[in-house]
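Listed below, chain by chain, are the residues.
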Amino acid sequence: MQKTYENTSAIGLGTRFAGRLRSMGLSIPILAFFVILAVLPQFIKDEYILRLLVISLFFGAQAMAFNFTTGFINVVNFGFAGFVGLGAYTSALLVIELGVSPWLGFVGGTVAAGILGFLTGLLTLRLRGIYAACMAWFVQIALMGLATVNVNLTRGALGLVVPPLGGTLHTAPYFYLLLLMSIGIYVVTTMIVNSNMGLAFRAIGQNLLAARTSGVNPTRYKVINWTIACAIAGLLGSFYAHFIGILTPDMMHFKHTVEVLAIAYIGGRGTLWGGLIASFLMTPVFEYLKPLMAVRLIIYGFFLILVMMFYPQGLSGLFQMIGEWIKGRREKGTAGKAESSMEG
Amino acid sequence: MQLTSVWNLFITGTLRGGLYALMAAGLALIMGVMNVSSFMHGELYMIGAYLGWLAHVMLGFDPILSILCAALTSFVVGVLMEKVFFHPLRRKSEKEWLLNAYLVTVGLSFMLQNVALVVFKPVFRGVPAYWEGSIQLSPTMGISIDRMMSFLIAVVAIGAFWLFLRRTKMGRAIRAVAEDARGAMLIGIELNNIYTLSFGLSSMLAGIAGASLLSLTPAYPTMGGVPLAKSWYVVILAGLGNTRGAIIGGFIVGMLESISYYALGAGWQDVVSVVILILILLVKPSGLFGSEVKGMLER
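Heads up: the sequence lines are chains A and B, in that order. For the first sequence, this note's numbering gives the first residue as 1, with consecutive numbering after it. For the second sequence, this note's numbering gives the first residue as 1, with consecutive numbering after it.
Please note that the accuracy of each hint is not assured.
What the hints assert, rightly or not - One side of the interface only, derived from the structure: several residues of chain B facing chain A at Cβ under 8 Å:
#1 S37
#2 P88
#3 L103
#4 F110
#5 L117
#6 W232
#7 D270
#8 S273
#9 I276
#10 L277
#11 L279
#12 I280
#13 L281
#14 L282
Said to hold, decoys possible - Listed next, the stretches of chain A that the computed footprint assigns to chain B, with coverage defined by at least 3 CB atoms under 8 Å from CB atoms of chain B:
#15 90–97
#16 139–148
#17 256–265
#18 308–322
No lab work stands behind these hints: they were computed from the structure. All residues carry an ideal CB built from backbone N, CA and C; glycine is no exception.
Build out the structure end to end from the sequences listed, making use of the hints.
This is the structure in structure tokens:
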């Protein structure tokens, strides 16, 4: 209480600006992280490493959207890859078949995934979480089936060739575009989570009965949350279509959902930045381990089990623990100094 | 549509139905008793198939014996998994354990699939047929003894499972826990044992499905994916945690699927499944046979 008073009166504008940034989730470590990402391509000219950065960022952004649902309203979106795929195919087909601008394609992909998310959510989110999870999963299987079968439209397993954005094949512009999108997603989701609506999300996720008794309509908030997350998945999918250049139904496979899920959980349930950082740690490592083939995926699964069994808070829990420890040390230090000065 | 194709549809439909019923019954059991959503059920099916293959091809056991072997070993595998992964999890985190348990099943499924890939290589390991010969009903309509036996084994396994749940003391204890875990604990049922037993049983049912259908679907590391999705489909369609509903639902879905596959082809068949599920959730969200036992709303 005292602290806020001090802030507003004495230090004024700068602090208020910092406070505004913090409510957007842009605390100093996160800002530093984004700034480092933004300058990286200036030093790295290797296309391979740049592509790896894009992929890491792509998975990190997906994990954010995934965690927005899982971590807050406690429902797992088991068809996440399907929504990403729907966004990708919609935007690609709009560009190829109707010749619209790719940016309009982005909008189309986002809206399509959002609408499908809204409908599945409306149908299942009034029931137990497992219903929504399984429904999304079956929808994903159906979408994958449709993309495989409708060969004259999607070219099925042969792959749909998508024109690159603005005709460029360099990776750096894609990286900046995705970075902008990720920052946007991060800021928007954080602001929602910090708003009253976010409070309702958390209340629903932690104790449904208590939330309901205090007048929160769970289904409404769950559907809003679910729709936003699905729309973000569609947006990311639209980007991915142009970046990767060739779409196959395999991109909607369940295993990609599991990858996102693992990153989100290892990053820490209920944090938006945890998944982002986890992705930058894990994606390059697993890329490096690629020659190991299946053994790599065994490690992946094993890692998920280990985290769930022994450290369910994930990376964010670890960071928080380190943060608290540093704070504790510092406080202890100042307290010690104060004591010694008193003595002196 | 000729009589022959109707006959063939019927045969494939019932066979698939037997498979789904076996898988879904086990899934519904875990869901009902432990309240865990298991996503490793497909991998238990895969393990059963590999065990059957090992016993029959490598060790040269006769078919019935190899299926029995696979069933027993699957049971042991299930019990071990419960003891190693879920029991400690349950003890450690009281409140959050359900969500964690379900993520552990996802991780385990991923891991087991790839372990199988390393150990058995991406090669189909099957048998042409457990039993030779076929029975002819007419010149064009016949059924191979192999298929008939697979179906019979599925029926016997389901029947035995059903009798076990209804007639034995342990089965009654399992049902009591499914109905009300706290009440069951109060009258002196050891919950941990029941959980372990249920997990083992469900693993055994999946193992029997895998081993007895080896001649139709050869063992392969990723073979579990489709049966997993289908058995979840059956469980949701029939009503969560409802074992009897899962058995009947399995046969219904098997039949529906073989018809829609025949009429529309592979990709559209999945769409049909989703549409049916949407209709059911709109009209009767507790599922076809759903009672409110476990509740479809959050507990």
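Here is what the structure says about each hint:
1. S37: holds, 5 Å
2. P88: This interface hint holds because 7 Å falls under the 8 Å limit.
3. L103: Check passed: Cβ of B/L103 comes within 5 Å of chain A, closer than 8 Å.
4. F110: At about 4 Å, which falls below the 8 Å cut-off, the nearest Cβ of chain A leaves the hint on B/F110 intact, so it holds.
5. L117: holds, 4 Å
6. W232: Hint holds; B/W232 Cβ to chain A Cβ min 5 Å, cut 8 Å.
7. D270: holds, 4 Å
8. S273: holds, 7 Å
9. I276: violated, 10 Å
10. L277: B/L277 check passes; min Cβ-Cβ to chain A is 6 Å, inside 8 Å.
11. L279: violated, 10 Å
12. I280: Nearest chain A Cβ about 10 Å off; hint violated.
13. L281: Result: holds, 6 Å to nearest chain A Cβ.
14. L282: With a minimum Cβ separation of about 7 Å from chain A (threshold 8 Å), the hint on B/L282 holds.
15. 90–97: It is violated, with 0 qualifying residues against the three required.
16. 139–148: Per the Cβ count (7), the hint holds.
17. 256–265: Holds: 4 residues of the stretch 256–265 of chain A have a Cβ under 8 Å from chain B.
18. 308–322: holds (count 3)
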